[in-house]
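Q: Sequence:
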Amino acid sequence: MNDSSADLTVSVTVGPNELVEKQVFLKPHKPVPGELDILCCVELRKLFPVEIEGYEIVDDKKETLGPPVPILVSAVDFKAIEQKVVKHTFKIRGVPELAQVVDAFPINVKEKIDITGTGQEFRENVKITVTFDLAILFSVFRDGKNKIFTRQIYDLYCLTKFSVPEPEEGTLVAKAKIMANSPVCVLDLA
Numbered sequence: 001m002n003d004s005s006a007d008l009t010v011s012v013t014v015g016p017n018e019l020v021e022k023q024v025f026l027k028p029h030k031p032v033p034g035e036l037d038i039l040c041c042v043e044l045r046k047l048f049p050v051e052i053e054g055y056e057i058v059d060d061k062k063e064t065l066g067p068p069v070p071i072l073v074s075a076v077d078f079k080a081i082e083q084k085v086v087k088h089t090f091k092i093r094g095v096p097e098l099a100q101v102v103d104a105f106p107i108n109v110k111e112k113i114d115i116t117g118t119g120q121e122f123r124e125n126v127k128i129t130v131t132f133d134l135a136i137l138f139s140v141f142r143d144g145k146n147k148i149f150t151r152q153i154y155d156l157y158c159l160t161k162f163s164v165p166e167p168e169e170g171t172l173v174a175k176a177k178i179m180a181n182s183p184v185c186v187l188d189l190a
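The working numbering numbers the first residue of the sequence shown as 1 and each following residue consecutively.
Any given hint could turn out to be false.
Pairs of lysine to aspartate or glutamate residues, derived as EDC-like cross-links and limited to a Cα-Cα distance of at most 20 Å, are as follows [claimed, not checked]:
#1 K79 to E18
#2 K110 to E166
#3 K79 to D155
#4 K87 to E166
Distance windows between CB atoms, simulated [stated by the list, open to error]:
#5 P68 to D155: 48 to 54 Å
#6 Q100 to V73: 44 to 50 Å
#7 D143 to R123: 55 to 61 Å
#8 D155 to T118: 52 to 58 Å
#9 A80 to F141: 20 to 26 Å
#10 T150 to K175: 25 to 31 Å
These aren't lab readings, by the way, just hints derived from the structure by calculation.
Computed from a predicted structure; not experimentally measured.
For glycine and all other residues, C-beta sits at the position ideal for the given N, C-alpha and C.
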């Protein structure tokens with residue numbers, strides 16, 4: 001058994017009322033190094049509450065019923081999208097050396113908005129930090145079967161900056177989408 005990822009089976013013959021102790025020494029797995037390009041897309045909107053008039057309409061006659069009703073909606077005053085590619089190198093234990101990255105899924109995605117300046121229209125005055133974890137699927141062909149391994153990497157982040165006119169007015173809303181952009185596994189250990 002030269003393969004360090006091979007399963008280990010130990011057989012011991014024991015008679016009735018016999019107590020046997022067997023020690024097994026396992027060779028530890030080397031950590032598997034790899035690299036992922038993670039695409040972080042962040043959309044920032046600045047919203048203002050606006051009151052508009054609405055009417056109740058009868059479908060058949062297309063007539064309004066009663067007086068106008070005030071409806072509160074959000075109007076978009078500013079919208080921007082920023083993309084950033086973050087390279088993350090990792091070392092994972094408990095995965096065979098020949099394993100390939102199949103896919104990666106972001107989980108626990110959170111956006112945090114910080115206003116770093118006020119009133120400056122052409123300076124980056126809003127910072128958005130997106131924190132997330134990444135679940136990675138590995139696949140290896142062993143013993144005539146494809147075996148799947150999953151591992152999770154914690155506390156990853158990406159940082160984007162925006163130039164927003166008068167960021168202290170209105171409400172800032174950020175939405176992030178994280179994608180594993182072209183997973184590349186660096187497994188050439190020779």
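Q: Is the hinted pair K79 and E18 satisfied, with a Cα-Cα distance of at most 20 Å?
A: Since the Cα atoms of K79 and E18 sit roughly 76 Å apart, the hinted pair is violated (cutoff 20 Å).
Q: Between the beta carbons of A80 and F141, is the distance compatible with 20 to 26 Å?
A: The hint (20 to 26 Å, Cβ to Cβ) is violated, given that A80 and F141 are roughly 45 Å apart.
Q: Check the hint pairing K79 with D155 against an upper bound of 20 Å on the C-alpha distance.
A: This hinted pair is violated, its Cα atoms lying about 28 Å apart.
Q: Does the Cβ distance between T150 and K175 fall inside 25 to 31 Å?
A: holds, 27 Å
Q: Given the hinted pair K110 and E166, is their Cα-Cα distance within 20 Å?
A: violated, 24 Å
Q: I want to verify a distance hint. Is the separation of the beta carbons of D143 and R123 within 55 to 61 Å?
A: holds, 60 Å
Q: Look at the Cβ atoms of D155 and T118 and judge whether their distance stays inside 52 to 58 Å.
A: violated, 30 Å
Q: K87 and E166: Cα distance at most 20 Å?
A: The hint is violated at about 33 Å.
Q: Return holds or violated for the Cβ distance of P68 and D155 against the range 48 to 54 Å.
A: 51 Å Cβ-Cβ, so the 48 to 54 Å window holds.
Q: Indicate whether the distance between the beta carbons of Q100 and V73 respects the range 44 to 50 Å.
A: holds, 49 Å
The structure fails to meet hints 1, 2, 3, 4, 8, 9 from the earlier list, while all remaining hints are met.
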